[in-house]
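Chains as they are written, first to last, in this note's numbering: chain A, 675 to 1107; chain B, 1426 to 1906.
For the record, the hints were derived by calculation from the structure and aren't laboratory data.
Any given hint might turn out to be false.
[Claimed, not checked] Here are the simulated DSSO-like cross-link-like pairs (lysine-lysine), alpha carbons at most 30 Å apart as the crow flies:
(1) Lys893(A) x Lys830(A)
(2) Lys1070(A) x Lys1771(B)
(3) Lys1805(B) x Lys1070(A)
(4) Lys1746(B) x Lys1017(A)
(5) Lys1499(B) x Lys976(A)
(6) Lys1771(B) x Lys809(A)
(7) Lys1805(B) x Lys722(A)
(8) Lys1017(A) x Lys1805(B)
(9) Lys1777(B) x Lys722(A)
[Stated by the list, open to error] Here chain A is said to cover these stretches of chain B; the calculated rule only asks that three of the stretch's residues, wherever they fall, bring their Cβ under 8 Å from a Cβ of chain A:
(10) 1816 to 1826
(11) 1829 to 1839
(12) 1847 to 1854
[What the hints assert, rightly or not] Here are some chain B residues pointing at chain A (derived, C-beta under 7 Å):
(13) Leu1775
(14) Glu1843
(15) His1844
Ideal Cβ placement from N, Cα and C applies to all residues, glycine included.
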Amino acid sequence: MNNLEYIKERFSQLPTVNEQNGLGVIRQKAFDALNKMGIPTTRHEEWKYTRIGSFFNKEYKYHTAGTFSEADLAPVRLPAYEQANELFYINGHYSPELSVIRSKGLTVQSLQEASKNEYKDIVSKHLGHSSNYLKDGIIALSTAFVQDGVFVHIKKGQIIEHPIYIYNITDARQANVLAQPRTLVYVGENAQVKFVETFNTLGNQESFTNRVIEIVVEKDAITEYYKLQTDASHASQVATTHIQQIGKCVTHTVTVSLNEGLVRNNLNIVLDEEYCEAHLYGIYLQHGQSHIDNHTVVDHAKPHCESNELYKGMLDDQSTGVFNGKIFVRQDAQKTNAYQSNKNVLLSEGASVNTKPQLEIFADDVKCSHGCTIGRLDEESLFYLRSRGITEATAKSLLLHGFAVDILEQIKLAPIREYVDKLISERLEFDLA
Amino acid sequence: MNNELSAIEKTVLTDYKYGFVTEIEVDEAPPGLNEDTIRFISAKKNEPEWMLEWRLKAYNHWLKMQEPNWANIKYDPINYQDIKYYSAPKQKKKVNSLDEIDPELRKTFEKLGISLDEQKRLSGVAIDAVIDSVSIGTTFKEQLAELGIIFCSISEAIQEHPELVKKYIGSVVPITDNYFSALNSAVFSDGSFCYIPKGVRCPMELSTYFRINAEGTGQFERTLLIADEGSYVSYLEGCTAPIRDENQLHAAVVELIAHENAEIKYSTVQNWYPGDKDGKGGIYNFVTKRGICQGAHAKISWTQVETGSSITWKYPSVILKGDYSVGEFYSVAVTNNHQQADTGTKMMHLGKNTRSRIVSKGISAGVSNNSYRGLVHVGKNAANARNFSQCDSLLLGDKCGAHTFPYIEVKNNTAVVEHEATTSKIGEDQIFYCNQRGIDTETAVALIINGFAKEVMNQLPMEFAVEAQKLLAISLEGSVG
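Bound-form chain B, shown alone (with noise of 0.2 Å):
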């Protein structure tokens, strides 16, 4: 058996298939950091004046931060004097429809999987594509527009909807909040902006397409999602990067708003170069997603694979403020090679009845690292709540890592929590049980871990199931043993 397993061990690791770089002409700010940046960013994108203010004062408070140090994970500081806080594609003029789109641009994302064009014909996925640092189209608009949804990027949104990002931007995550939020409000240059008025099922999937193009730059987009009474809308996010040596630094936030009766669905899969196989280059993807069901029976579900990106610090929470509200997380993490993940989720109990359900499933192989990190937090007038969490991982080889540091805190006696995990590699019983079948050792593996992770796989719309389950295959291939 031993032998058999070296043997898959020596197949080299698939190369990354989205590093490419595409050759277009880019605007970008010189690197650094200070007011000047920020005012430079806010004058290219002509912003309000009260916009510029609050990025400002996001930085000053920012200033006096301190980089959090308390994860589970290694990296060299970051010069943040050295990264370009602004790169976008050069375009002459404002873009009137897709067609316009720099054709180079648009190869871009037929290269991903991302047609554009076909985006239009099939009835399916209205996109947001976000290259570096700013929106580059938006499909579908006119439809969606018909209906009252809102579907554009977050600087569209600042020109033509400010009563709304006024009074939702910093909600959720208050520019307070971390260092790395402080950080993305002052100096965020793009991201999707959505809203979906009362009443309304949003009939197709909403998605934003993330990819950071240019070299030495910083990627921080501002996502911000409200769903109003009753609405419903379904959104997924997607990221990829080229192969550098150097490490980029992504540091983006995510708002969710579900009001009354409202439900959230959002999934991403995040597929950020993680680096080479000895650790050099990748992406930092330290991002703040933080969701509030203000209303009751409001409902709001986090989605993710995390296959990419060197290292990962996310915490994906929902903040149950109403009663009955309910919050979900899903969650599959993959780390390979000198990958390092610390994610998972906060559940803040708030209302009365309120439900949270966790399931994590770690996979870790070759020398990373992946911890799970969570509180569930049931507040003294959560009367009834209810928590069920379950954190499963999966080790790959003997030299990788996998680690649980859950937090409980109840101040409710009538509060139901539950927590369960385990640890374990694959059983030789099983490999062996496969192989008695006539399936070879690596297809048994892949076998197991797609049914390791279909609890959260199941959960994606199917579009995305299906480059997700791709995607854990190529990032562990080779890793068996």
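For reference, chain A alone in the conformation it holds in the complex (with noise of 0.2 Å):
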């Protein structure tokens, strides 16, 4: 039996004691879409680039995880965490046991039943937009499971002084295992708050991790969420975050990908209220197999907001590298400022990369730019380096470390920056002292 029929048999295993509700209703028609698309191929234009049908075409299970300790998890956490939330996802479940809920006015509960209480008008309103964005079967096959989802809510007016570590765990240590965490969070008006989030696999079984997470931020908000990617080469993952601005608002993204592995990420920023701000920034270190699709739409939907975007990219050995980076400005949106730019230094003979930097406008009084540029270390820049006694090897590392700090420094949580700023340095065989 192939993945795609065994997600469809266990569909219709679920439990469907909630259909009039909500939640019932958008699961039952993204699962209808999903019949409809199928997993993407080749041939969808938004996925030229990027092959995961041979993932569905193996044996992956919804497994349910063993048990962790301690020392199982310690590898896992992030610096600081003692002063952090924590949220544990364990193959795409959110575990109430192993999180850590240390700020008041944070809420999380599960999506179920938030569709039911007070949330039930956000949770109706909010959960799914992203679909309208991208027209694909990974992100219905996400919604057709969302009972599992989880619903976190910011309170009006809090500012979270701790940040939100996300931590997505796949055990894979009996089986492969098939994860799609899912989150929806609403940020409150006036409210502030910094996530963090990881993916790791234990084990030596393969995983396809299958994420979304929404997140809607109201008026006068400002919203932080970097994304760490750092999981191994028989790890890969689908990984969507869409963001839906509708009141004047600021947020700021920065991804990291060190993956091993496959990895799409899915950015979408929707500009949806006058006067907002986004700004989107993303360093990608690839080797040995890796492959790292960066998809970003920016969608100016209405007038005087400002975007800026900026990708680094560097590729080694047999890596491959995909850029798409997509600005639409509506008619409505006049007064746009829109920057979008990616910059990419290949280091082998065996990488490659597809970039593709699109601007679509339908307004006239905006200005916008996009660039991006592919090339190698600059030779002149070796040679001076090299004239001074250093060798090759590390003039390259210092140099590649320069290109990668200007995303570095976009990262405003001092612990995790740092933490990057290790691993980066790590691949790159960059001595920090």
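Could you fit the two chains together into a complex? Lean on the hints.
In structure tokens, the structure reads:
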């Protein structure tokens, strides 16, 4: 039985008691969409350079995780976790036992619950909004199984001082695992919050993660979101982050991809109110056979908004990188400022990069620009360093580290920035001291 | 300021200057497409058997293909059975010199500003004039023949130089390439053929003038241009059509082959009828243009000024196969009213040390949509490939759209590829600056647009540059705001 059939069978086995409430309807709709569209192939324009079909020909299971000891979790934990709210997802399911909530004004509950209590309007209004932008089977697959999802609510006016760490742990110690963590976040008016999300696979079996997080940001709120991808070569993932800015607010996202397997990131930002601001940054270091695909969409739906995007990549060995940036400026969205840039360094003969920075503009009073570059390390800079007695390897890592610093600086949480710098330096064999 | 602009908005659009119809007797095939139509065309042209077979092969392949729908354009489905695939001005016998051409026809070209007579006297441009489906005359043939240059209609070439045609036709754009090129391969009725022998520098500009005249026809011309080792040629192409309420299809194929050290410069000023201001009528311009730099140090340069057509769908491309070969693409695409353009280029870097440069300027006004779609591909063996692309868009009016879809695929780490794009409108400060110095707003806009497009205009040969600049002004007149 291939994976897709297994998924369909699994869907039919899910309890259908709540069919009348909002969630049931959303799920059924998504399942129909999945049946219609199937898993995207490279014939799908948005999936031209990324193949995921093979993951669905293998056997993956919705496996229930084993038990974890503290020792299992220790390497997964991020620095300064003692001062953070921690949310654990094990094989796609939220684990209240492992999670720690420290801040007041922060509510975490299951989507199932939230769809029935005082939050039901928010859930029915915003859950699945991402499917308006991603018309493929992958997002539908996530929505079809949304009942295990989590709802995170940040109360109006609350400044959440402790960052929220989201750990996605896949327990692949026994079998191949398909995990579909799903989250809906609502950041209330005038609130401030910081998220850090990581992905880890335990064990040596394969895992495929289909992660969707939808974040709704209200008026005057500030949201920072950092995604760290360091998962192993037998772990692949499609990670969708959908941010809807429904009041004049600021969002700041940084995506760090040091993965060994295949990663596809969808990052959508919808600027749905006047005077919104969005900053998108990304860095990817790839080696071996790894594959990174960053698809970003910035939708300027309202006037006077600003977006700024910078993605930088370094590709070594046989790795491949894909960047697809799309900026929409709708007809009403006058006085838009939108900038986009993608820079790539190819470090080996086998590495390749496909980039497509796209602009679709329907308003005239706008300032939009995009640019991209692909090249290798500058010979002159290398020569400068070599002539001062620095070895070639050191000179290279020095230059590459300098290339990465632009993005590193955008991580405003100091412990996380230091942690990421350490990871990048290790990968570049760069001695921080 | 706003009041001022709306006053300009009110000024009516200049009428399409080339929209007249010439009353000439035509010889045409009934509408519809089947194997018999192709046999009819082939028989009309007295073609050899291999040509007919080639056409039928293309037709059979076309039947299996689907019309592409990926482009950023919208149109009602085309009924391919409604089109007349062959229409020729009736001529009693084969003309031996230009003097024998039907005076009505000659008048047409004079009205278009292309006097075949005058061209004969002025040493400037050699013209191959194509009306509807056939070439009606080529000037300067003898002088060119002295240098060994072959410049004639493709039907003539099939008769007289079958070995060259057989060798090169379909070698750059194979019949299986795409839907419209397959259709063209099956039904092409005429076009220009040009061969520049080794080491010859063509002393004059070669030019083809295309005109659609008859109603309900489609124009399918095919141009084949071969520059042998060390030769040089500059080639111009212009097009116009009468005003009609229906949409007419124009699906041409242009193939360029540049051998070692050869250089081809191909310029187009495309001014097909764009439809009226409500978007009714106009030409569907679905064209496949591609060149190959076959040998080392070859160079192909495309320059295009696209102001006409209700829909433009074209991507003049260069395959950089020879080492050290160079590809260039300079484009100004203007869309007004309901026009749609999806245009750009493909640069396929295959050889070592190949270079390419793309400069694309899009201007959209009215409720039009203007897209740049381009591909820069650097293959595994294309060491030291270099590309620079620049796509700028200018928006005039708040109902139009400008889009950019650049694809960049790099498989070699020694390549250096750069792409940059901007979109903006004309700055109020720029207009103010001009106004201050006594230049009225409309002139100021024309000035700014000309400056915006200058980088491309500079690439055009003199005669064309003047025409292109005028065209630019006419197609945007009254759209400022």
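* **Which numbered hints fail** => 2, 13
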